[in-house]
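Now for the letters of each chain:
Protein chains: 2
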Amino acid sequence: MKLPGQEEFETSSAGENVPAGELDNVLGPGPDVPLDTDSRDMVVPNNPMLFIQLNELVGWPQALEWRETGRWVLFEEKLEVGAGRWSAPHVPTLALASLQKLRSLLAEGLILLDCPAQSLLELVEQVIRVESLSPELKEQLQALLLQRPQHNIQMRGTKLCWDSCFVESTDIRKDSHDEDAPLKEQHRNPLRQKLPPGAEAAVVLAGELGFLARPLGAFIRLQNPVVLGPLTEVPIPSRFFCLLLGPPMPGRAYHEMGRAMAVLLSDLQFQGSVRQASNLQDLLAALDAFLQKVTVLPPGRWDPTARIPPPKCLPFQHKRLSSQVWEVRGISGLRGAPAEDRHHHRGPHMPNPELQRTGWLFGGLVQDVRRKALWYSSDFLDALHPQCLSAVLYIYLATITNAITFGGLLGDATEGAQGVLESFLGTAVTGAAFCLMAGQPLTILSSTGPVLVFERLLFTFCRDYHLDYLPFRLWVGIWVATFCLVLVATEASVLVRYFTRFTEEGFCALISLIFIYDALGKMLSLARAYPIQRPGSPAYGCFCQYPGPGENVSQWTRTKPNDRDDILSMDLGLVNASLLPPPECTQKGGYPRGPGCHTVPDIALFSLLLFLTSFFFATALKHVKNSRLFPSMVRKVFSDFSSVLAILLGCVLDAFLGLATPKLLVPTEFKPTLPGRSWLVSPFGANSWWLSVAAALPALLLSILIFMDQQITAVILNRTEYKLQKGAGFHLDLFCVAVLILLTSVLGLPWYVSATVISLAHMDSLRRESRAYAPGEAPSFLGIREQRLTGLMVFILTGTSIFLAPVLKFIPMPVLYGIFLYMGVAALSSIQFMKRVKLLLMPAKHQPDLLFLRHVPLSRVHLFTAIQLACLGLLWIIKSTPAAIIFPIMLLGLVGVRKALEWVFSPQELLWLDELMPEEERSIPEKGLEPDHSFNGSDSEDSQLMYQPKAPEINISVN
Amino acid sequence: MKLPGQEEFETSSAGENVPAGELDNVLGPGPDVPLDTDSRDMVVPNNPMLFIQLNELVGWPQALEWRETGRWVLFEEKLEVGAGRWSAPHVPTLALASLQKLRSLLAEGLILLDCPAQSLLELVEQVIRVESLSPELKEQLQALLLQRPQHNIQMRGTKLCWDSCFVESTDIRKDSHDEDAPLKEQHRNPLRQKLPPGAEAAVVLAGELGFLARPLGAFIRLQNPVVLGPLTEVPIPSRFFCLLLGPPMPGRAYHEMGRAMAVLLSDLQFQGSVRQASNLQDLLAALDAFLQKVTVLPPGRWDPTARIPPPKCLPFQHKRLSSQVWEVRGISGLRGAPAEDRHHHRGPHMPNPELQRTGWLFGGLVQDVRRKALWYSSDFLDALHPQCLSAVLYIYLATITNAITFGGLLGDATEGAQGVLESFLGTAVTGAAFCLMAGQPLTILSSTGPVLVFERLLFTFCRDYHLDYLPFRLWVGIWVATFCLVLVATEASVLVRYFTRFTEEGFCALISLIFIYDALGKMLSLARAYPIQRPGSPAYGCFCQYPGPGENVSQWTRTKPNDRDDILSMDLGLVNASLLPPPECTQKGGYPRGPGCHTVPDIALFSLLLFLTSFFFATALKHVKNSRLFPSMVRKVFSDFSSVLAILLGCVLDAFLGLATPKLLVPTEFKPTLPGRSWLVSPFGANSWWLSVAAALPALLLSILIFMDQQITAVILNRTEYKLQKGAGFHLDLFCVAVLILLTSVLGLPWYVSATVISLAHMDSLRRESRAYAPGEAPSFLGIREQRLTGLMVFILTGTSIFLAPVLKFIPMPVLYGIFLYMGVAALSSIQFMKRVKLLLMPAKHQPDLLFLRHVPLSRVHLFTAIQLACLGLLWIIKSTPAAIIFPIMLLGLVGVRKALEWVFSPQELLWLDELMPEEERSIPEKGLEPDHSFNGSDSEDSQLMYQPKAPEINISVN
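Read top to bottom, the protein sequences are chains A and B. Using the UniProt record's numbering, the letters of the first sequence map in sequence onto residues 1 to 959. Using the UniProt record's numbering, the letters of the second sequence map in sequence onto residues 1 to 959.
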């Protein structure tokens, strides 16, 4: 989600230096100034990031020393004195009284703005000169201020805490000159690498000083920032210097005032004002402005010592702009904001270039080609980043896993007409071609669930009516390509504007359920193939019967007597029978006899174990990312490679036990899986000629399916929250898919469309994030590295993997079924629909604070969920009956159901629970999205929540 | 954890009514007034709970109506207007500006304190009279104020939102008299049941009113609280009435002022002041006092619209008392507080009565008996509460589960010398006796891990040296009882003061590891007993060989030809062999031949599945408690009965598949499991007489073990955080255990000591909690229903369960092993030691904000953990070698290691990581627990955290 004009700002103003006169914009931009939410405080022109350090005077009266006890950039880090470590960054909380005390101390104190001091000594002399102290006290004070403070520098894995004790207190004055030079330890401070270039420091010195009769406050802004020797833990130039000393006061008053000063300085608006301030009044006005905006927590309800972890998103500074500005900008309070935001999704931004009908034949395609051609060279140059290498490896592994699993399922579904080899070959060829030609090269083509379902239906149909499958399928493919070209020509892709979240979720839930159902069904079929032997079951006993002595006696008498089984047979007194297992028995010319010969014990249960292990292991590894254990790099690797690792574990377990579990069948040679067929499918085969015409009917259905599957995925991938710069290419993508379907039909390879999950994973691995400069700051999402090279590399690698066949045959099928279950469950649980289904089971008071629950009555939410459930149920029933072939049309029916919901739900409710369709958006007047109740501003409290820059929630699961 | 004097307060002042003059104590108690943390706002004398409601005027100018948009007791609930529901309770946040605006509005407005109005009409007339408005406006205003507001009353499952539209606006004046009577809907409001008797209401009316020229503020305190008709959503008498109206202002100013007023009134201190206030100045002073204590969040770092969930513990009001009071009370800032608190654990409170050495023989025992005798009748009367019934059921199920599992293990360990029947009988007899006699009747006696380990060692020893086990064991028991009596006589139990958390954790971790190891070991032994048949393994093939035709031909020719197996044999051309499974073969007089006859397929893997299922199911059910799904009652049941449900699931799965998994062996008759032995163990049996003397040696070790096991558990059970009123009885408990060991040795029943986990579960099911009156308030822990009846009932039921044997034999052993694994893992993960072990693997920046990490350097924490790990490793090694018999002495050695740690760690570090031993406490001067750094007050920030009333974290797992 972004604010209007944000994109432009990001692309145009990066690195620009706006003159100082424009600083006001930061504090109160006019209507034309873009508001940037991601490039927060630190990139605001002429406002360098400020590192603030609180040095506290401790040890009064015996052993005075300065100790760094707090530091701030965005959040507060407190020194845990006992543990000698920095606390986790947290939101600073202050007492109002401290701010007020600070205000009066500053009002009476010394304010030097644009002080020309060039070193700590000069600065200290400036401070001392003005103070009305006795010369002796002045000297004491100067010595004290020049004393080297004790920092707590945490090195990687260890900490360096340099003690000022080495410096004799009498020598302090003498040493101070040398100390103006920054120290080695300061340079080695890892914090220094984190701070951006140009960062400035502010130092707050606070503490109790018994020899002072009255409090001493000083606030100094240096004309030019100066490195003040060892005063700060990082050797960066200091801009502000604040001194808060005084006679002992109860309640750590100076410490709290110092914290208040530091928190003030860490505030962007205060910082801006104080950089501009020309006198004490400006400073106090800035403080008062800060006070006007603080949030107050009542004392009895909130423990002031509780540490609040940094929020995921910082509030926007625009909240602090005058409301007039917002009204001018047309964002008129209330739901205006979320509506504005939601418009982005399908409103003014996205549909503009890509989803406007041109009115010419192939007009959309031509425009797509023109638009993408401009980016073509950058599509390769933008890939020159190390991140792309790891993306290639990750997506390559995911792609071959997908190719293997779908290959296995397709081989099953088509009785070997297509298999793993075809799956690999097809994936590589079509994927690479798509990456080179398509409008959205981040898309990864893959076999998808719906197409697999259709292929299975098609094969069953051909088998039942004794048709030659591949030739018939070729004609289906030819027709599909034709229909898709018609869709491209007529710019049908602009209809994706009607795909709201309702459609996406219905589609996604159905696909996920099919995955889950298939995975469980496959496991059950294994249990039937390898039945479990219960006590008393008839399937017990098997032995190996040799041919009668008269027939082939010589063979058995020849056998060496020390052969294990013969010894056994002899021992048992058997002459023409032994207990050889069936395969060995057949090998030796015997006949396995008995009902137990066809059962292999332990396989069913071991398969179940493998299935469950791979499912739970993949799930658990995926969640390792959110664990606190291990460094984040390790966790990321575990999480990213969860399914690959789960497959590996399954293979190891299987190899360890050595049971004859069913394995993935892979061809050992580069030739079609089906014996005897050539790579080119014959146009008619054994079929009659008229079947090539009749194929148009299933092709029509498949075209709808492919259009839905391709375009729903494309809509998801091109969501505005991914901040894509180069735009989408709905028409061009469909055109490519059509051409590739023609190609794969001719070669008898599987059909491919965009696969949501793997494409999202691809995008996820190419995320660009802002560097987090401040401790506790969450990095913000900047966009995706949009290029064609990673996809291309992935598919080239996939192509070469055909020679991996000798390795792949060790993968047990139950492991793959487990991974499928995992993909189905992960995809199902990632959609908002499932959240709402859970709400059905959740007592109202335990429900999370979801935005739509704030705005839509619970009964309406439940009704919406129930309708979705009913649609899903209907789709499932249709899929399971002989009418399954019309399933693609029913998918299209989802859009109709969504349209009909307008009769049941108000546009406001649909806006919260779903999205608006084009007509609905038009039907609502400009201010029509305000709440239906009569009083103003009631919802202003969550408009902010909606503004928060939502990094895309990329769900790596299956479409 | 509690504050000094809290106990006394709880027992003495419950229900008392302190005269109004003592109200000051609430706001600033003198040193003698107890501070109660659990009985917060609502039980403070003469400060009835205040329900505050904000009615907002909406719809200006067309359709003015009052709508309730917020309510407060402790936390804020906001009306979600769009959704028509109340938000979750949250900590209210205010803008400082609203508070300031409110202050100036009140300063200029009407303040009526002790207004004598008796109805809404009178009240409104009072407000109107004083206002300087035109008569016409007055009438308009009066009509408006009497208008019935629209409430949002949420009924159970539905909501009732009554519309004021039915009341014609012209009739308002007329209707108002009738409306003074509370309405049916108000009475049906479920909130009414939640508010305590005597609760009062405060109504804040706020809104924009265009016809007013200037703001109108009024604050009225009624002399006597009056039910103001339909003004409040609950028909309770109102004490305060606040009106904040005025001409339109930007930013929902009146709404925010109204909220500020409501938040002020919800503050205990402000409320107290305003109840006492006699003029405007008092009111403003109270507001200013509130402002001085608010917590301030900086605007740029915290989104003011974010809703903060209610904290688990409210901050104490004593924080707001003057620090002088605290100094008088001897709690001198800093670590004084935690130290004070920690003293409670072993300090002034607990050791006082029970753990002070009297110096006489059996002095402690006598004192225990005297002390407990006083409570004996109340020990039965206090059980008269329905909660006790459910506690009995829960603990009964847990007890028999334990009896079954330990019975099974003991039967294994002693080759049937003791078994499930003995386990049931012994549990019932000793448990009931203990509940009747013991000092701490909440304790549940049970077989425990360490005793089981010892019993196994003893049995192995007897078997290896061909001793008669039960007679030898009888003598061990006699000696143990003697030694324990000596320990009682010499008051050795006072030594438990040396059992710090270090010892408890070492003991607990070892026991947990033994459980885990045993559970896994048992599963592996199953895999050996029922090997998995791999392809090509020699254990293949089995058939049934009949006796040769010459020997017993008649038997086989007699067989009916339609017998399944004979048909098979005939079909296969076999004459004297068939494929009958071994059991049936033997039954028919044949001989099972072949290596496969001894293997039962699928059992090993199915057992593994049952094992994993019961483990994961029990774990998952345990965590259902923290889920949001289902009502909390349902979740509590799932969680409380997790292991019972997991056992049931395992049995159902096992019965469904019908495999011959190993089942729990239970006797079908009431007689000793070992055939031929009588209930009374013969004193010598086959053993020599001198063995009865030699038994003293193992008995010495067992005595140490029993002392450690019994007393560590007793220390855990009698922790101060459980707020036990009737005290412990360490000497008496040990005495009872000694007598019961003698009894069980004579009867050949297992030995019993206190079982931590099940006793803790017992206490957990008897928790007394304060009623949560305010939405969002967490109920606070008041104590435990200390009585003898629940335990007694549990064991009587256990005794009658011996006749459950026919049911118990359906429980598969792998399921019980799974439950054991669960118990071991749960116990292991519940101790702080494991938290620290996890820290070893956690990068510093991801570590949670644990208190000890704030005060002890990480390297020292790791060192402490490493030492504990080393001790644990050593104990494990000893347990696994032939030296295992000295294992009890090594347990005692833990105390020595802990003592030696004083040389390595400072008392401060030990205080944070462990607890202090008696000498250490004494060695530290009164102020010695202050941090070792030099400046004052640095840790004041977490003293509060330590004060939080910690409800006991009861870990239902195994000791």
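It is worth saying that the hints were derived from the structure and are not from the lab. Be aware that one or more of the hints could be misleading.
Under the rule of at most 20 Å between Cα atoms (straight-line distance), these lysine to aspartate or glutamate pairs were calculated in the DMTMM-like manner [stated by the list, open to error]:
#1 B:Lys293 / A:Asp379
#2 A:Lys293 / B:Glu777
#3 A:Lys845 / B:Asp288
Over 10 Å on every C-beta distance to chain A, these chain B residues come out as not near it, computed from the model [what the hints assert, rightly or not]:
#4 Arg103
#5 Phe290
#6 Trp302
#7 Gly416
#8 Ile532
#9 Arg628
#10 Ser678
#11 Ile802
#12 Thr865
#13 Ile886
#14 Pro907
#15 Gln908
Backbone N, C-alpha and C fix where the C-beta goes; we use that ideal spot for every residue, glycine too.
Legend entry - Hints violated by the structure (numbers, ascending): Violated hints: 1, 2, 3, 5, 6, 8, 9 and 15; rest satisfied.
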